[in-house]
Amino acid sequence: DLKSPTAVYLLMLHFNTETFPSHIYFGKLVQNKSFCYDPFVGTGSIILACSHFGGISGGSDIDFNVVFGRGKSSRAGSNLKAQDEIVRTNFEHYKIEKKYWDILACDATHMPIRANELFDVIVTDPPYGIREGGRKLGSKKDSTWEIPENLREEHIPAKKFHALSSIIMDLFKFSYKYLVVGGRLVYWLPVFRPSYSEEIIPKYPGFKLTANCEQVLTTKISRRLITMVKTTKFEFQECGNESLSTVNHQSMDWIKQQDNFRNNYYLYLKISHIL
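Under the UniProt record's numbering, residues 1 to 275 are what the sequence shown spells out, in order.
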């Protein structure tokens, strides 16, 4: 269960932002040679656990510094990251590097892979806006320009805010394109407990909800581990620009609750501190 996992990986060699406790219940969904993917891979704690159960794991992240091990180091006494402060190092440390295929530096909403039913499992912990804010490629300015040829290799594209409700919607679109029929989408959904009800769990055509487990973080805040099974084959013409209002019966309430999660979280902390 969530409180007594089969395996806990502590990512001993390096950290970035603090990860939640790795108490992830896979329900035996990851089997030997399952092709696993995390579109918000970060430091790789989730795919590391997938590979422990036999999955061939990889992922992507929009943070260029995380993927390539650049920027400020979290190691004591270090300023910049060493060359080994990357996701692969953790797989090598646990001697499961053969179960790791790699990670990509990209925006999950602009996947550089042709739409195809590739993955058996997509498992992820989307950014809630607490430790890591949601971002996608784009500029706050309504303008475009062409990057000079001599700067393209080292150019890091601009990013803009990505609301939590839109992140979840894009996760469904991505999973519908890239999961095999019968494949599982497993993700953490942050919840403000006083306003939670099962009706706010997002729905999407072609997916069936099979599990909804709660991990309590505080008296007011929790996260739900949502497991959904893909039931229909992806057809390219089916994947349009659906809004959340077309796929969720209580869409406006759901959008409001998800996009206000960060504000509710910090309001709760402020009130708790005062009391």
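Treat the hints as calculated values from the structure; they're not laboratory data. Using N, Cα and C, we set each Cβ at its ideal position, and we do this for glycine too. One should not assume that every hint holds.
Unchecked claim - If you anchor each label on the Cβ, the simulated ranges turn out as follows: (1) N116 to E154: 23 to 33 Å; (2) R88 to G54: 33 to 43 Å; (3) C213 to Q31: 15 to 25 Å; (4) N212 to E117: 21 to 31 Å; (5) R70 to M111: 19 to 29 Å; (6) C213 to E154: 36 to 46 Å; (7) R152 to K208: 22 to 32 Å; (8) E146 to E198: 29 to 39 Å.
Unchecked claim - Below, computed lysine-lysine pairings styled on DSSO-like, alpha-carbon distance capped at 27 Å: (9) K160 to K177; (10) K136 to K98; (11) K220 to K177; (12) K95 to K136; (13) K233 to K208; (14) K173 to K136; (15) K95 to K177; (16) K33 to K220; (17) K136 to K159; (18) K136 to K160; (19) K233 to K220; (20) K33 to K173; (21) K208 to K33; (22) K203 to K160; (23) K33 to K177; (24) K160 to K173; (25) K136 to K203; (26) K203 to K177.
Status of the hints after comparison with the structure:
In this structure the supplied range 23 to 33 Å holds for N116 paired with E154, their Cβ-Cβ distance being about 30 Å. A beta carbon spacing of about 18 Å between R88 and G54 contradicts the range 33 to 43 Å that was offered as a hint. A hinted range of 15 to 25 Å for the beta carbons of C213 and Q31 is consistent with their spacing of about 20 Å. At about 25 Å, the beta-carbon gap between N212 and E117 stays in the expected band of 21 to 31 Å.
In this structure, R70 and M111 meet the distance hint of 19 to 29 Å, their C-beta atoms being roughly 23 Å apart. C213 and E154 have their C-beta atoms about 43 Å apart, which keeps the hinted 36 to 46 Å range intact. Here the CB-CB span from R152 to K208 is close to 43 Å, at odds with the stated 22 to 32 Å. About 49 Å separates the C-beta atoms of E146 and E198, a value inconsistent with the hinted range of 29 to 39 Å.
A threshold of 27 Å between alpha carbons decides the hint, and for K160 with K177 the separation of about 24 Å falls inside it, so the pair holds. As the CA atoms of K136 and K98 are separated by approximately 31 Å, the hinted pair breaks the 27 Å bound. Simply put, K220 and K177 have alpha-carbon atoms about 35 Å apart, too far for the 27 Å limit, and the pair is violated. At most 27 Å may separate the alpha-carbon atoms for a hinted pair to count; K95 and K136 exceed this at roughly 33 Å.
Among the hinted pairs, K233 with K208 is consistent with the structure: their alpha-carbon atoms are about 13 Å apart, no more than 27 Å. The hinted pair formed by K173 and K136 meets the criterion: a straight-line CA distance of about 15 Å does not exceed 27 Å. The suggested pairing of K95 with K177 is violated, with an alpha-carbon distance near 32 Å, which exceeds 27 Å. For the hint linking K33 to K220, the alpha-carbon distance of about 39 Å lies beyond 27 Å, and the restraint is violated.
For the proposed pair K136 and K159, the alpha carbon gap of about 5 Å is at most 27 Å, so the pair holds. At roughly 6 Å between alpha-carbon atoms, K136 and K160 fall within 27 Å of each other, so this suggested pair holds. Taken as a hint, the K233 and K220 pair is broken in the structure, with Cα atoms around 39 Å apart against an allowance of 27 Å. With a C-alpha separation of about 24 Å, the suggested pairing of K33 with K173 holds against the 27 Å cut-off.
Taking the CA atoms of K208 and K33, the gap is about 24 Å. The hint holds against a cut of 27 Å. Restraint check for K203 and K160: satisfied, since their Cα atoms lie roughly 26 Å apart, inside the 27 Å limit. A C-alpha spacing of about 20 Å is found between K33 and K177, which places the hinted pair at or below 27 Å, so the restraint holds. For a cut-off of 27 Å, the pair hint linking K160 to K173 stands: about 20 Å separates their Cα positions.
For the given pair, K136 sits about 22 Å from K203 by alpha-carbon distance, which is consistent with the 27 Å threshold. A hinted pair counts as satisfied when its Cα atoms are at most 27 Å apart, and K203 with K177 qualifies at roughly 16 Å.
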